[in-house]
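Model the full assembly from the supplied sequences, consistent with the hints where possible.
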Amino acid sequence: MSDFSIYSNIQKAIPHASSTSAGTPKPTGGSFGNVLQEAIQQVNGLEINSQTEVDKFLNDQTDLHSVMMALEKADVSFQMMMQVRNKIVSAYQEIMKTQV
Amino acid sequence: MSLFTALDVNTSGLTAQRRRFEVTSSNLNNANTTRTFEGGPYRRKDVVFQNTTFGNALMSADGGSEGVEVGAVLDDYSTAFDLRYEPGHPDADPVTGYVSYPNVDTAEEMINMMSAARSYEANISAISILKTMINRTLELGR
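These protein sequences, in sequence, are chains A and B.
Taking this note's numbering, the leading residue of the first sequence gets 7, the next gets one more, and so forth.
Taking this note's numbering, the leading residue of the second sequence gets 124, the next gets one more, and so forth.
By construction, these hints were calculated from the structure, which means they are not laboratory data.
This list has only true hints and no planted wrong ones.
Computed spacing ranges between beta-carbons, pair by pair: (1) A:D69 to B:G211: 39 to 49 Å; (2) B:D198 to A:F84: 41 to 51 Å; (3) A:G51 to B:N155: 49 to 59 Å.
Covered by chain B, according to a simulated footprint, are these stretches of chain A (three or more residues, beta-carbon under 8 Å): (4) 72-78; (5) 82-88.
Not close to chain B: a few residues of chain A, all C-beta gaps over 12 Å, as computed: (6) S37; (7) Q43; (8) E44; (9) E53; (10) V60; (11) D66; (12) Q99; (13) E100; (14) I101; (15) M102; (16) T104; (17) V106.
The beta carbon of each residue, even a glycine, is placed where N, CA and C say it ideally should be.
Take a look at the structure:
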């Protein structure tokens, strides 16, 4: 949970995406969609974690700063996900604009 | 290792300083306590910090990031109780008339408290700097 492994996942995704566009699709490993889904699930996991942390705080089981940290992590990873989404959407729109 | 590890390290610092603040507060609050469950007056307590490792120490190139935690809360036996002659006090020694007061120095505890508060603030500053770093990095995509 402590590891910001979304970074490494996206790094994995980028060469894979470029290799498929070059016409040499790899049979092994997840597709770009799978990798993306995995990354989104990790972001979701951090959101859920922040929620349980808030619950724990309300039950007097954790500190205020732990709650703030969990919220901060969830916020940062969500923003990261939004940036990735913006990139994907803009790339998609760029392709759709191509003259046939 | 990652940006989140840095957040975790700072969180451990916050937890440790908060604990130190708690212990100092209880010292300060019990500066005049002459009765405890263990018997005798309150004895002042000290926190001992120790380092902790985060993440997989074998995986990271720098040997893992180190946080801090409270290793132990120990009773302070280095100073003696403060003896005051108060024969009318219910906890006074029936023979001598002296009352043992806790070995808490209020001024020292106040300094400890300020030190804990400043350390806590330093951790908060580190976290906000880290937050700025992360947000600036995300701005690269805009």
